[in-house]
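Trainee: Spelled out, the chains give:
2 protein chains.
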Amino acid sequence: MGTAIDALRERMATYYDLTMTGSLLTWDQLTIMPINGGPARAHQIKTIEMMSHQLLVGDETARLLDAAEAEVASGKGSEVEQCLVRVTRRDFERAVRVPGELVGEIAKAAADGYAVWTDARANDDFPAFLPALEKNIELQKRYIDCFDVAESPYDVLIDNYEEGLTSAEISAVFDGIKPYLRPLIDRVVDRQEAVSDEFFRKPFSLAGQEEVGLWTAERLGFDPASWRLDPTVHPFQSSMSIQDIRLTTRYNENDLFDSLFSTVHEFGHGIYEHQISMDLERTPLGGGCSMTLHESQSRFWENMIGRSREFAGLLHPALARVFPEEMKGSTPETTYKAMNVMRPSLIRVEADELTYGFHIIVRYELEREIIENGMKASDLPEAWNARMKQYLGIDVPNNRLGVLQDVHWSAGSIGYFPTYFLGSILAAQIWKKMAGDLPDLRDLIAAGDFAPIREWQREHLHRYGRMYTPKETIEKVVGGPLDPQPYIGYMTAKVNSLYGPAA
Amino acid sequence: MGTAIDALRERMATYYDLTMTGSLLTWDQLTIMPINGGPARAHQIKTIEMMSHQLLVGDETARLLDAAEAEVASGKGSEVEQCLVRVTRRDFERAVRVPGELVGEIAKAAADGYAVWTDARANDDFPAFLPALEKNIELQKRYIDCFDVAESPYDVLIDNYEEGLTSAEISAVFDGIKPYLRPLIDRVVDRQEAVSDEFFRKPFSLAGQEEVGLWTAERLGFDPASWRLDPTVHPFQSSMSIQDIRLTTRYNENDLFDSLFSTVHEFGHGIYEHQISMDLERTPLGGGCSMTLHESQSRFWENMIGRSREFAGLLHPALARVFPEEMKGSTPETTYKAMNVMRPSLIRVEADELTYGFHIIVRYELEREIIENGMKASDLPEAWNARMKQYLGIDVPNNRLGVLQDVHWSAGSIGYFPTYFLGSILAAQIWKKMAGDLPDLRDLIAAGDFAPIREWQREHLHRYGRMYTPKETIEKVVGGPLDPQPYIGYMTAKVNSLYGPAA
Chain Z
13 MGTAIDALRE
23 RMATYYDLTM
33 TGSLLTWDQL
43 TIMPINGGPA
53 RAHQIKTIEM
63 MSHQLLVGDE
73 TARLLDAAEA
83 EVASGKGSEV
93 EQCLVRVTRR
103 DFERAVRVPG
113 ELVGEIAKAA
123 ADGYAVWTDA
133 RANDDFPAFL
143 PALEKNIELQ
153 KRYIDCFDVA
163 ESPYDVLIDN
173 YEEGLTSAEI
183 SAVFDGIKPY
193 LRPLIDRVVD
203 RQEAVSDEFF
213 RKPFSLAGQE
223 EVGLWTAERL
233 GFDPASWRLD
243 PTVHPFQSSM
253 SIQDIRLTTR
263 YNENDLFDSL
273 FSTVHEFGHG
283 IYEHQISMDL
293 ERTPLGGGCS
303 MTLHESQSRF
313 WENMIGRSRE
323 FAGLLHPALA
333 RVFPEEMKGS
343 TPETTYKAMN
353 VMRPSLIRVE
363 ADELTYGFHI
373 IVRYELEREI
383 IENGMKASDL
393 PEAWNARMKQ
403 YLGIDVPNNR
413 LGVLQDVHWS
423 AGSIGYFPTY
433 FLGSILAAQI
443 WKKMAGDLPD
453 LRDLIAAGDF
463 APIREWQREH
473 LHRYGRMYTP
483 KETIEKVVGG
493 PLDPQPYIGY
503 MTAKVNSLYG
513 PAA
Chain A
13 MGTAIDALRE
23 RMATYYDLTM
33 TGSLLTWDQL
43 TIMPINGGPA
53 RAHQIKTIEM
63 MSHQLLVGDE
73 TARLLDAAEA
83 EVASGKGSEV
93 EQCLVRVTRR
103 DFERAVRVPG
113 ELVGEIAKAA
123 ADGYAVWTDA
133 RANDDFPAFL
143 PALEKNIELQ
153 KRYIDCFDVA
163 ESPYDVLIDN
173 YEEGLTSAEI
183 SAVFDGIKPY
193 LRPLIDRVVD
203 RQEAVSDEFF
213 RKPFSLAGQE
223 EVGLWTAERL
233 GFDPASWRLD
243 PTVHPFQSSM
253 SIQDIRLTTR
263 YNENDLFDSL
273 FSTVHEFGHG
283 IYEHQISMDL
293 ERTPLGGGCS
303 MTLHESQSRF
313 WENMIGRSRE
323 FAGLLHPALA
333 RVFPEEMKGS
343 TPETTYKAMN
353 VMRPSLIRVE
363 ADELTYGFHI
373 IVRYELEREI
383 IENGMKASDL
393 PEAWNARMKQ
403 YLGIDVPNNR
413 LGVLQDVHWS
423 AGSIGYFPTY
433 FLGSILAAQI
443 WKKMAGDLPD
453 LRDLIAAGDF
463 APIREWQREH
473 LHRYGRMYTP
483 KETIEKVVGG
493 PLDPQPYIGY
503 MTAKVNSLYG
513 PAA
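Chains as they are written, first to last, in my numbering: chain Z, 13 to 515; chain A, 13 to 515.
Worth flagging that the hints you see were computed from the coordinates, not collected in a lab.
Certain hints may be false.
Chain copies aren't distinguished; within one or between two, either way the pair holds.
Cross-link-like lysine to aspartate or glutamate pairs, in silico, DMTMM-like; alpha carbons within 25 angstroms at most [said to hold, decoys possible]:
1) 58 <-> 103
2) 120 <-> 291
3) 58 <-> 22
4) 58 <-> 293
5) 58 <-> 93
6) 214 <-> 150
7) 120 <-> 150
8) 147 <-> 22
9) 147 <-> 137
10) 153 <-> 293
11) 120 <-> 18
12) 58 <-> 291
13) 488 <-> 364
14) 388 <-> 365
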């Protein structure tokens, strides 16, 4: 007879297979599925979610967990297996609290909500979306009711994306940054003429954008034997296994950099999943550790690497090759500046590095209002517009460009948004640490030699998957907790360099 | 409390979701998955199969089936529900009769056999394949032992693909055709100069083939809201639901008609799945009725419609538009003839409409020899070559072009082959019946107006899905049992028209 650890590992391998199968159902739905397949697909996703939930919360899991924990306590099991037992216990405890029926309702409401949102956004019709949104919020509140609330009910939702993080901790970090961010934004607003993307405001053929996007991804580390890149509405990364990484991007003829930086961003997510140790495949450890850590990787590749002067120098000749007419008269510096225009704007996913933080702070604060203070969903458009005015100084002309812009709430994801900005903050910490270890970091980017950068990430972060908690993992990669200072320093230096120092 | 019928229906809806999810895992693997995703995908497919098998054979299914049958006996349930109970009973009985261990052995031998066969075929090495083939045959015989044999043990295997059909019935149909087929083949061999595809033996760009293929599929009834068409190695059709139909084809620069007729063939399978009544979605009735019925639809669209003079007339201008240079000097008649070259050849999947039947008869008779008469697998090459000489008058130069050409036996599929030819035979019956109901059938094809043809198929066949047995369903669509006469008449008329009447 094998050990309980072995039996638990085998059971969780089946669970992992179901999870990855669910990823494929969703990836396919969002990327290539014929639209009329939607209703049946919602059932399929719900069924896989229910079956994986049943597997996770089953009596057999409880029995094996108890026995495996006893084995671990008596010194049995490798380190991976010990981590597997810990993470399975966490996932189990979170799942047993939630009735299978509620899990199924949440999944179905998410699929239905997505379909409704797609139309509502296209038609700028918030009232059409409202019932689906209210349903999602109600289900999230029922989800929270399954748990003991320590400080804030919102923490229960945050914990889904970032184990152990609280809204109090998030507010402390965001509040540390806010006083620095607003003056920087005021400065770039005052000096808009300093940096321009006017040169790039013209059509670039979609075929050419695809070519440049794939060229770029391949320079970074994309390999068709293990990766795909497909067009979709809302760019995302998804994996079906450590060796099957899928990126999506979107192509807009009038916005070359939108597709390009979406691809680079999603590559950052993908390389994290792809460099997890193969020892962790088919275990609950075989994924990224948390959303903040995940987003730190996508932001790192998108901003620290992709929007650097050195990367602009690497990219410029490729653009000139694919778009010889369009690029006539441009220089690497034109390209660098155009990539780094900073300007308050309406759409989060098109926001620049500097103003992005406030887009998140708006969403974070609204989520707190809804979950902690009982704000009604019908009040969201007005509250949204007020905060956009307050933080970014801009007027929101309609809901399509406002509260309807993001997919997350349509799929019932609440508590996810703050991790985006925390990712940027952590990325700045990682950049500082990596620059200490790789003194020629900027030369490597200029030369397009990304292998040492990937290897550093693999060694210090990627390979661990979910072996350790997010806080332990952040400690491993940057040697301390989340810290806003490197981000403030990085952002201030970048604004100084592009727009000039404070008067 | 709902009825047992309701509970069974709900349970089988989950089963259906798992089956469709398995379809997506396989479609993705064969079509667009990055190659390195293979090992993890194999685990995912196995897990979904295991979970759907457990759901089907579980004690709860047995209990619900007994109770639902009692309800049906007392007059409860709609017609759909009564059919659902019957079909679930059949699927359940076939699944529980076979011990899980034997199912596992068969699956493993199939996977091993496939790997061995791939190499053996490449190296023309039958002895290397023989042990795997013998293992598959032995396991199929043990499979047969799980069932009560009425007439022939081979019938147990045929029943996997065509419920209720016996080898005695198949032989009666094939024996009715054989005396007519051989003289027709002799005639086309004597008059090879009458019909030529020489004009088309040149490169046609892959992009152009894709364009013509999609144009053709859209004329037939392909709608991107519910369908996809993707390139792959071996063309197939797969569906993820009634509203999500996926066709694959392959593009060979030097064989325009290969991709085109693969697309039309797979469209025939797809329109069958697509026109099943939506009432049957998420039930075990929501699929094609049998392999013969499915193949009758693909052959109908490929041969009766696609290879008709009227269709050539429709297609010719489209080809001339997409390939203006290549098509210079051609006429609709050039196109029609090139689509219909008949000539004995070695490879089944490249065979023309006329000689195809004998490729199947060879395989069918050899399967009978092995299962009914104890012929040894080691005798297959000699027996194969002798029958190819006898029926098609050709010498088989090696086993790669002979007994090793098909994948089926390597994966333990025995009893499948006859349904291919039975599909052609049934397609001719359907053509005759449809022509009686739609007197302007040929005009409709010439005009590219396929809606009345699809509607006839929907009304008389497609909508029923698996509600009735294959024999009942064939009765519904053609008003009688399988009958070789319409096929003989159709084939004779076509040979007469292309190669001239008998001397």
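Trainee: For every hint, state whether the structure bears it out.
Mentor: Each hint tested on the structure:
Taking the shortest Cα distances, residue 58 and residue 103 sit within 25 angstroms of each other both inside one copy (19 angstroms) and across copies (24 angstroms). In the homo-oligomer, the alpha carbons of residue 120 and residue 291 lie at most 25 angstroms apart only across protomers (20 angstroms), although the nearest pairing inside one protomer, at 33 angstroms, exceeds that limit. Both within a single protomer and between protomers do residue 58 and residue 22 lie at most 25 angstroms apart by alpha-carbon distance, with minima of 23 angstroms and 13 angstroms respectively. For a Cα distance limit of 25 angstroms, the shortest separation of residue 58 from residue 293 qualifies both inside one copy, at 24 angstroms, and across copies, at 16 angstroms.
In this assembly of identical chains, the alpha carbons of residue 58 and residue 93 lie at most 25 angstroms apart only when taken from different copies (23 angstroms versus 30 angstroms within one copy). In this homomeric assembly, residue 214 and residue 150 never come within 25 angstroms of each other (Cα to Cα): the closest approach is 45 angstroms inside a single copy and 64 angstroms across copies. In this homomeric assembly, residue 120 and residue 150 come within 25 angstroms of each other (Cα to Cα) only inside a single copy, at 13 angstroms, whereas the closest approach across copies is 46 angstroms. When the C-alpha separation of residue 147 and residue 22 is checked against a cutoff of 25 angstroms, the pair qualifies only between copies, where the shortest distance is 24 angstroms, while the shortest distance within a copy is 36 angstroms.
For a Cα distance limit of 25 angstroms, the shortest separation of residue 147 from residue 137 inside one copy, 17 angstroms, qualifies, whereas the shortest one across copies, 63 angstroms, does not. Within a single copy, residue 153 and residue 293 get their C-alpha atoms no closer than 33 angstroms, and across copies no closer than 33 angstroms, so neither meets the 25 angstroms cut-off. Within a single copy, residue 120 and residue 18 get their C-alpha atoms only as close as 34 angstroms, which misses the 25 angstroms cut-off; across copies the closest is 20 angstroms, which meets it. Only between protomers do residue 58 and residue 291 lie at most 25 angstroms apart by alpha-carbon distance; the minimum there is 20 angstroms, versus 29 angstroms within a single protomer.
In this assembly of identical chains, residue 488 and residue 364 lie within 25 angstroms of each other by CA distance neither inside one copy nor across copies; the values are 29 angstroms within and 65 angstroms between. Proximity of residue 388 to residue 365 under the C-alpha cut-off of 25 angstroms is found in neither arrangement, the shortest distances being 31 angstroms within a copy and 67 angstroms between copies.
The earlier numbered hints that this structure contradicts are 6, 10, 13 and 14.
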